[in-house]
Each structure stands twice: as C-alpha cells, then as structure tokens.
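K.L.:
Taken in order, these protein sequences are the chains called Y and C. Heads up: the first sequence begins at 1 in our numbering, then just goes up one per residue. Heads up: the second sequence begins at 1 in our numbering, then just goes up one per residue.
For the record, the hints were derived by calculation from the structure and aren't laboratory data. The reader is advised that the hints may include incorrect statements.
As the list claims (entries may be wrong) - For lysine to any residue, the following SDA-like pairs were computed, each having C-alpha atoms within a straight-line distance of at most 25 Å: (1) 367(Y) - 181(C); (2) 523(Y) - 398(Y); (3) 221(C) - 329(Y); (4) 367(Y) - 186(C); (5) 221(C) - 237(Y); (6) 221(C) - 398(Y); (7) 272(Y) - 31(Y); (8) 282(Y) - 186(C); (9) 272(Y) - 237(Y); (10) 367(Y) - 152(C); (11) 367(Y) - 166(C); (12) 221(C) - 163(Y); (13) 367(Y) - 184(C); (14) 221(C) - 125(Y); (15) 221(C) - 206(C); (16) 221(C) - 31(Y); (17) 221(C) - 57(Y); (18) 367(Y) - 221(C); (19) 367(Y) - 423(Y); (20) 221(C) - 320(Y); (21) 367(Y) - 39(C); (22) 367(Y) - 206(C); (23) 272(Y) - 259(Y); (24) 367(Y) - 158(C); (25) 523(Y) - 329(Y); (26) 523(Y) - 166(C); (27) 221(C) - 152(C); (28) 221(C) - 259(Y).
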Amino acid sequence: MSAISLRDITFTYVEAARPALSNLSLDVPQGQIIGVVGAAGAGKTTLCALCAGFVPNFYQGDFSGVAIVDGQNVVEQQVADLVRHVGLVSSDAFSQISGARFTVFEEVAFGLENLGVPRAEMIERVEWALQVTHLQDLRDRSPYALSGGQQQRLVIAATLAMRPPVLVLDEPTAQLDPHTTEQLADLLRELTHNGTTILFAEQRLEWAAELAERIAVLHEGRIVTEGAPQDVFTDTRLLDLGIGWPRPTLLALHARDAGLWPRERPLPVTTKGLLEGLSATKDERRRTDVGQIEDRDVHPLPAHPLTRLPAHEAIVHVEHVRFAYPGGVEALRGVSLAIEAGERVALVGPNGAGKSTLVRHLNGLLKPSAGQVRVADLDTRTATVARCARHVGIVFQNIRNQLFARTVRDELRFGPRNLGYSAAQIESLVDHSLDALGLRDVADTHPYDLPLPLRRLVAIAAVLAMDTEVLVLDEPTAGLDTAAVARLTALIHDLAAQGKSVVVVSHDLDFCYEALQRIVLVKDGMIHLDSAWDALTSDQRALLDETVTLPIAIRAGLPRSFA
Amino acid sequence: MQSIYSAGTSPLHRLHPLTKLAGFLLVVGVAFVLPVLAVQALALLCVAISAAVAGVPGRVARMSLVILLPLLVSLFVIQGLLFPPTRTTMLFETPWLTIWADGFLFALGVLLRLLLLTWGVLLVLITTHPADLVAALEGIGLPRAVGYVLLVAIQLVPDMSARATAILEAQRSRGLNTDGFVRRIRSLVPLIGPLIVGALADVEERAMALEERAFTASGPKTTLRELADSGAQRVARVGLMIVLVALIVARFTVLRGLL
Numbered sequence: 001m002s003a004i005s006l007r008d009i010t011f012t013y014v015e016a017a018r019p020a021l022s023n024l025s026l027d028v029p030q031g032q033i034i035g036v037v038g039a040a041g042a043g044k045t046t047l048c049a050l051c052a053g054f055v056p057n058f059y060q061g062d063f064s065g066v067a068i069v070d071g072q073n074v075v076e077q078q079v080a081d082l083v084r085h086v087g088l089v090s091s092d093a094f095s096q097i098s099g100a101r102f103t104v105f106e107e108v109a110f111g112l113e114n115l116g117v118p119r120a121e122m123i124e125r126v127e128w129a130l131q132v133t134h135l136q137d138l139r140d141r142s143p144y145a146l147s148g149g150q151q152q153r154l155v156i157a158a159t160l161a162m163r164p165p166v167l168v169l170d171e172p173t174a175q176l177d178p179h180t181t182e183q184l185a186d187l188l189r190e191l192t193h194n195g196t197t198i199l200f201a202e203q204r205l206e207w208a209a210e211l212a213e214r215i216a217v218l219h220e221g222r223i224v225t226e227g228a229p230q231d232v233f234t235d236t237r238l239l240d241l242g243i244g245w246p247r248p249t250l251l252a253l254h255a256r257d258a259g260l261w262p263r264e265r266p267l268p269v270t271t272k273g274l275l276e277g278l279s280a281t282k283d284e285r286r287r288t289d290v291g292q293i294e295d296r297d298v299h300p301l302p303a304h305p306l307t308r309l310p311a312h313e314a315i316v317h318v319e320h321v322r323f324a325y326p327g328g329v330e331a332l333r334g335v336s337l338a339i340e341a342g343e344r345v346a347l348v349g350p351n352g353a354g355k356s357t358l359v360r361h362l363n364g365l366l367k368p369s370a371g372q373v374r375v376a377d378l379d380t381r382t383a384t385v386a387r388c389a390r391h392v393g394i395v396f397q398n399i400r401n402q403l404f405a406r407t408v409r410d411e412l413r414f415g416p417r418n419l420g421y422s423a424a425q426i427e428s429l430v431d432h433s434l435d436a437l438g439l440r441d442v443a444d445t446h447p448y449d450l451p452l453p454l455r456r457l458v459a460i461a462a463v464l465a466m467d468t469e470v471l472v473l474d475e476p477t478a479g480l481d482t483a484a485v486a487r488l489t490a491l492i493h494d495l496a497a498q499g500k501s502v503v504v505v506s507h508d509l510d511f512c513y514e515a516l517q518r519i520v521l522v523k524d525g526m527i528h529l530d531s532a533w534d535a536l537t538s539d540q541r542a543l544l545d546e547t548v549t550l551p552i553a554i555r556a557g558l559p560r561s562f563a
Numbered sequence: 001m002q003s004i005y006s007a008g009t010s011p012l013h014r015l016h017p018l019t020k021l022a023g024f025l026l027v028v029g030v031a032f033v034l035p036v037l038a039v040q041a042l043a044l045l046c047v048a049i050s051a052a053v054a055g056v057p058g059r060v061a062r063m064s065l066v067i068l069l070p071l072l073v074s075l076f077v078i079q080g081l082l083f084p085p086t087r088t089t090m091l092f093e094t095p096w097l098t099i100w101a102d103g104f105l106f107a108l109g110v111l112l113r114l115l116l117l118t119w120g121v122l123l124v125l126i127t128t129h130p131a132d133l134v135a136a137l138e139g140i141g142l143p144r145a146v147g148y149v150l151l152v153a154i155q156l157v158p159d160m161s162a163r164a165t166a167i168l169e170a171q172r173s174r175g176l177n178t179d180g181f182v183r184r185i186r187s188l189v190p191l192i193g194p195l196i197v198g199a200l201a202d203v204e205e206r207a208m209a210l211e212e213r214a215f216t217a218s219g220p221k222t223t224l225r226e227l228a229d230s231g232a233q234r235v236a237r238v239g240l241m242i243v244l245v246a247l248i249v250a251r252f253t254v255l256r257g258l259l
C-alpha cells in the first residue's frame, strides 16, 4: 500500500486567483524517498502542507480530490490527530520553535510531551534525535541562541523524535552548510531503510539527485514529469521550465561539447557520476593514446598564486582587525582584507567562523577592538554608520527583520531617501532595482505578503537601490530557485562591469565559483586563504575541501568556463 | 516579562514549586489578615532568613527596592506629612516639618505588607525555574494553553530585543542616522511598526508549529521536567494551607473584636 496516495487533487487558497495544486495525483510507496522540484510558486510548499495534513484543514480553501497519508484521510482527520502519522519540517525554521521551552533538549522533547510519551522513552528518543542531527553539544542552549543552520537542525530533530512513519521536509537544506547538508542526506537515507517514507521539496537539484529514489517535477500546481533522477534530470523540459539541471549534468553537457564526454554515454546527475565518467574518459584516451587530453582538462595554474590587480585603489581596507564581543569571545583575531573596485569576493567558512562579525565591520555597525577599518576615506571608528552606508550596502542573512515598509516600492525608497537623493533620482534608482531583481509585478505588495524567497530579493533590491560602491550579500541564495539565482549571478556580473564591488558570504560554493572571482576563507576569526579562484594551489584546494567543500567544477577538474 | 530565575542548589531551590507557593500564600495571609506590626515584622524576618538561605538576599533586596522605592517615598510623604489619618500624637517636630505618629505607623504597616508581598514573590520567582512553576501549576489544573502563553511571554523580551537589534542594524545599514540623542529617540518611530508587524506575522506560523508538534493532540500528556517532591512536603503544603484557612476564619470570628 502507498504511504502517500494523492488522487486528482485540486486546491485553491482562499482569495487566490488560480489553484496552487491542480489535478495532481501522486503515489509514494512505503519506505521510498521522493524529491519534489520546481520553480518558485510551483506549489511545492502547498504539496508539503497537503501531505502533512495542513491542507485543507489549517490552510483553508477550495479542495477536491482524495488524499490518504499513512492510511489516514487528510480531509476527514484533524491536523492534531494526523501528527502521529506524518511529520512536517517547514522551510522557515525560526518560526517553528515552540517558544515555550528554554533549552534545545526540552524543545526536542516538547512534541513527545504532547504525544504523552513516557518520560524514560522520551529522554531516550531526544538523545537519539540530538545525536543524529549533531546537536548534543548545544543541548543546554536556548533555541533562540542558535544560528539559522542550527535552528534548522533543531526543528528536524524535534520532528524526528516524534518518529512519524511519513516525513515531509520543505527545503530542509536552505540554511545548512555543505558538510551538514551531506550529513542530512545520510540520515534521511538511513531512515528510509528503517521504513520511513520521505517526501522533500528542494531547490538544490544536486542534493535531490543524490538522495531521492524518485523525482517529481512540479509546474504551476501540476506534476509535469516524474521518475528516476537519472531520467528526470536529463529531461530538456526542465530547462524550458526554468528549473534547470543539476550542476554535474550541466558540466557534463559542456564537457560533451568540448569532447571530454562521449556522446553515447548518458549524462550524469550526481557529482559521483560526473567524476567517474570523466576519469573513465581519461583512461580510455590514455589506452587509445589519442591527443593530449590530460593538458586540456587540468585546471590552468598560473605561476603566482595571487593574480589580483594592484592598480586599483581599494574601497574598503580592513587592517589587522581584532574584535571581541562584550561576553569576551574574540570573534576576529587579526583580519586584514582590501576590497578593490570591480572585485567579486566570496567570503566562506564554517558556522561561527566570524564571517557575520567581519561583515558588520564593513560599514561600522561594529567597531574594531584593535586595528582599523577604512571605507572610502572614512575611518569606521569615527564615522557614523549612516555615512559609511553611502559606500557599503549590506543585505543581512535574516530576512525577517530587514523589511519595514508597507509596499515593496516604499521599502526600496527607504535607503536612497536616507542618503539624500532627489525625488527623481530615488524613483529612477527604485525602478532600476525593481527591474534588476524582477520585482516590478510585486512593487505595490506588502513585503510580508510575499513568500520568503521573494522577500530575500526585496531585501537585496532595497540595498541595491542605494547605489553603493560595495554591495555585501549574506547568504543571498538561501531558498532561491534556479531562475532567481541566475538573475542574481547576472546582477553581480553587471555591477562588477560598472566598477562596483560585490562581497558574498555563502555556504553555496558552486554559486561562489560561478558568480565571484576571488575567494576568502575565514576560520576561527582569521583569514586562512585569500586568492583568485583561478590561482588556487593544491594545498589551498585541500584546505577548502576540508573546511567548506569544493565547487563541483573544481572537483571534476573542468575549466572555469564550463561552470 | 523576563525570567529573573537564578539557578542554584539551596534547600529553597530544591523545594517543590507548590510548597514554595503555599509558603508564599501563608505569608500574604499573615500580611493582610493579621495587621499587627510585630507579627508582620516577624513574618518579614522569616522571609529574609529564607532569602539568606537561598543565597539571594542581595538580589531580593535590590529588586524590591527598585520596585517599591517610588511608592514608599510617596507613601511616607502623603501619610506621614500631609494627610495623616488623625493628628493626635506628634512623633517629632521641626520648625518646618511635623511628623504625625498615626500616619507614620499606618505607613509603616503598609510598608511591611508591601515588603512581605514583593519579597515573597521575588523569592519564589528567583528560586524556581519558570518552566517548573508552570509545570507545577498545570499539575493542579492550570490549562495547558495558559501555561504555554506564560512561558512564551517570559521569552518575549529577549526575542523582541533581538528583533529590535536586527531591525536597527538593517535600518542603519540603509542610511538611517541614529547618532545623537534626538535622532535616537526619533528613530524609535520607524522601529516600532516593523517590530510589531514582524511579531504578528509570525503568529500563524507559530500556530502551525504548535500543530506540527502535537500540542492539540488528544490523549494524555507527559512532562520531561520531573519535579522533586516528597511526602513531607505534601504534608507541609496541606499544613500551611490549613493554617492559612484557620487564620482567615479566626480573623473574622475569634479575633474580630481585638483587631
């Protein structure tokens, strides 16, 4: 019997113009792990809510069809009674913290208390959930004192502890770093071996391809195709629908055009498939002695590791900066960094490395305990943040508290108005930013009425409208679909072409590789590596691989132009 | 609201929350049912000794001072100087100031009561983890939804202050000048709106989160927090409550004419 059985589901939210799901049918056998992909607004979140019983009894609207999950009719059952059958991890971790528990341990136990699980078993289950999500060391922390990624793991732990036979996850990796993302895949795979049925919606196609036994593609509330990842992720319709292909598949496609991937060999959908395919090609060539392929596919390494142009005057100078928080924790321990006009810099590093602290120094929100930060001709210790903001615009990671206007357009006006631009200039900057991020259609909407990924674009546009020389983006791709990421990449290239600098803090190494040219690794409050992507030495690659993983293209040894 | 709990291992910390509450109720009973200065002073001494045992006398004293000082000053000025109930006995007199004994004693009585009340409450809250207190109250019939709201309210202040910090950071990064006193006050206006809207926008998601975590599921509930209790404490609680009831009954019967 199917664990999830959806028959001809059509669902329209109250006051919505078109159905979020239409004539959707899907069967997921027990123990299967199925990934749902689709562009923003395709209906992924609604499908997750439906499978977890929140549609139509929590989110109300016009519903038709039959939905059976773990033997329970979703329409006839109350959400409260369905929790014993299906667990949901929504994409926004912060809002799923109960707020009534003071420690991570108690927070995970909260659901078990509500289910009436005996205390001894409760403790055992919480211990297990903390262990598999690697949260043991944080057990006595307040849930609110955790980073975004840790909160996401906490919510996953809290749901796992309830041992639902069916587990639904909506973009579970949006805030996780690469190593944690891999750990989550291992964990979910193990759960399915024990009979748990898993449905997840995801933007990271590579991750979905690695993990899922089956992929369903959602477009405008319909399933347009489904099947094995190998078949679905090489279907050209995905390119037409703006969903895209996983990176290994795209890289192999470029490699095929360059003669590095035989036409008769199917395109891979996972990194492993790509690497194996490429090394097989290499072996064959070696055996048949054709050409100097070795030289062509090895990454070009210049003689000197630093290839930055010293001709430009730096806009931001960070010099020997140390910073300790009032509690005494030294977050920065001697950081020096110069950002020149037109540079595209990736700031990477594990959680808690000091990246966010460093970012807050770039416009004077934090003042160095020792050392100096200069922005244009201003010293941040004496200049106001408002003055530094003319030169450096920062978009923070947490979108929740960055939007404060009644409409998207007003939100975009806020910055340039503070900077004292004329009314005509403000309108022109706002229009330009709306177009750059494709927000023209929602210009008159309240920012809080938009889904989180769109709100992130609004936050970026609001800072973009300030027309600063430096734009700093903290985790800009979290939760964005392929089309939005492509738009962002194009925007970054445009800005650099205009001589503006972009600094991106991100866990998404592939995005960093595609959109940015320089990489800076921050770890334990220090810079461990600062180089152009094209000038990385093998030691530096090893260091990156160990701390934050390497972009797929570098792992595959493919030229940068392929990415 | 914010938790003032301070972790510890004193005997008072280890008492069951309901035992502490029973003790507190008795102290309140004494304060309001037996308006005899000596008895009230004795009760206050007991509370003070308990605070010392719990290792938090300084904290209790400081916090009660902050809460009561404005009230006490006005009380003594009004009752002692300006409007004494009767002007029969003069306590002392200067050329420009007269303190009347009646008013002074009345004010002293009120002071003792207020001190008993605040010291008692503070002592219970400082030595009891809020989650334990709520769990204990739920054990004697407090609805779970009310308990939830109480605990959420306690976490509201740190949550709101984190939000306010983040909003201010974002606004300053977008060129809002908040330096200088006047500007800082003025910058509160664009802060308050998003602070409230943001918190309200989370309400639906919070409701969904509670459903996900089976808050409304049917069937019996269990608790992770185990409250250490003992037979002696149970007997003591009943005893304290009997004394309290007896006190109230006595106040309106036997002691009626005396007080």
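K.L.:
All the hints need checking, so say for each whether the structure fits it.
P.N.:
Evaluated hints:
1. For the hint linking residue 367(Y) to residue 181(C), the alpha-carbon distance of about 20 Å falls within 25 Å, and the restraint holds.
2. Note on residue 523(Y) and residue 398(Y): the hinted pairing holds, with a Cα-Cα distance of about 21 Å set against a maximum of 25 Å.
3. A distance of roughly 41 Å separates the Cα atoms of residue 221(C) and residue 329(Y); the hinted pair therefore is violated under the 25 Å criterion.
4. About 23 Å separates the Cα atoms of residue 367(Y) and residue 186(C), which keeps this hinted pair within 25 Å; it holds.
5. Distance check on the hinted pair: residue 221(C) and residue 237(Y) sit about 50 Å apart at the alpha-carbon level, beyond 25 Å; violated.
6. Straight-line distance between C-alpha atoms of residue 221(C) and residue 398(Y) comes to about 35 Å, which puts the hinted pair past the 25 Å bound.
7. For the proposed pair residue 272(Y) and residue 31(Y), the alpha carbon gap of about 24 Å is at most 25 Å, so the pair holds.
8. Restraint check for residue 282(Y) and residue 186(C): not satisfied, since their Cα atoms lie roughly 67 Å apart, outside the 25 Å limit.
9. About 24 Å separates the Cα atoms of residue 272(Y) and residue 237(Y), which keeps this hinted pair within 25 Å; it holds.
10. Of the pairs offered as hints, the one joining residue 367(Y) and residue 152(C) is violated, with about 34 Å between alpha carbons and a cut-off of 25 Å exceeded.
11. Pair hint residue 367(Y) plus residue 166(C) holds up; C-alpha atoms about 17 Å apart against a cutoff of 25 Å.
12. Only pairs whose Cα atoms come within 25 Å are accepted, and residue 221(C) paired with residue 163(Y) is accepted, the gap being roughly 17 Å.
13. The suggested pairing of residue 367(Y) with residue 184(C) holds, with an alpha-carbon distance near 19 Å, which does not exceed 25 Å.
14. The hinted pair formed by residue 221(C) and residue 125(Y) meets the criterion: a straight-line CA distance of about 16 Å does not exceed 25 Å.
15. This hinted pair checks out: residue 221(C) and residue 206(C) have alpha carbons roughly 20 Å apart, not beyond 25 Å.
16. Between the alpha carbons of residue 221(C) and residue 31(Y) the distance comes to roughly 29 Å, so the proposed pair goes past 25 Å and is violated.
17. Between residue 221(C) and residue 57(Y) the CA atoms are separated by roughly 24 Å; this keeps the pair inside 25 Å, and the hint holds.
18. At roughly 50 Å between alpha-carbon atoms, residue 367(Y) and residue 221(C) are farther apart than 25 Å, so this suggested pair is violated.
19. With a C-alpha separation of about 33 Å, the suggested pair residue 367(Y) and residue 423(Y) falls outside the 25 Å cut-off, and the hint is violated.
20. Under the criterion of a C-alpha separation no larger than 25 Å, the hint pairing residue 221(C) with residue 320(Y) is inconsistent with the structure, at around 56 Å.
21. Annotation: proposed proximity of residue 367(Y) to residue 39(C) is violated, straight-line Cα distance about 58 Å (limit 25 Å).
22. Pair hint residue 367(Y) plus residue 206(C) does not hold up; C-alpha atoms about 36 Å apart against a cutoff of 25 Å.
23. The suggested pairing of residue 272(Y) with residue 259(Y) holds, with an alpha-carbon distance near 20 Å, which does not exceed 25 Å.
24. At roughly 24 Å between alpha-carbon atoms, residue 367(Y) and residue 158(C) fall within 25 Å of each other, so this suggested pair holds.
25. Under the criterion of a C-alpha separation no larger than 25 Å, the hint pairing residue 523(Y) with residue 329(Y) is consistent with the structure, at around 14 Å.
26. A hinted pair counts as satisfied when its Cα atoms are at most 25 Å apart, and residue 523(Y) with residue 166(C) qualifies at roughly 24 Å.
27. As the CA atoms of residue 221(C) and residue 152(C) are separated by approximately 19 Å, the hinted pair is consistent with the 25 Å bound.
28. Straight-line distance between C-alpha atoms of residue 221(C) and residue 259(Y) comes to about 65 Å, which puts the hinted pair past the 25 Å bound.
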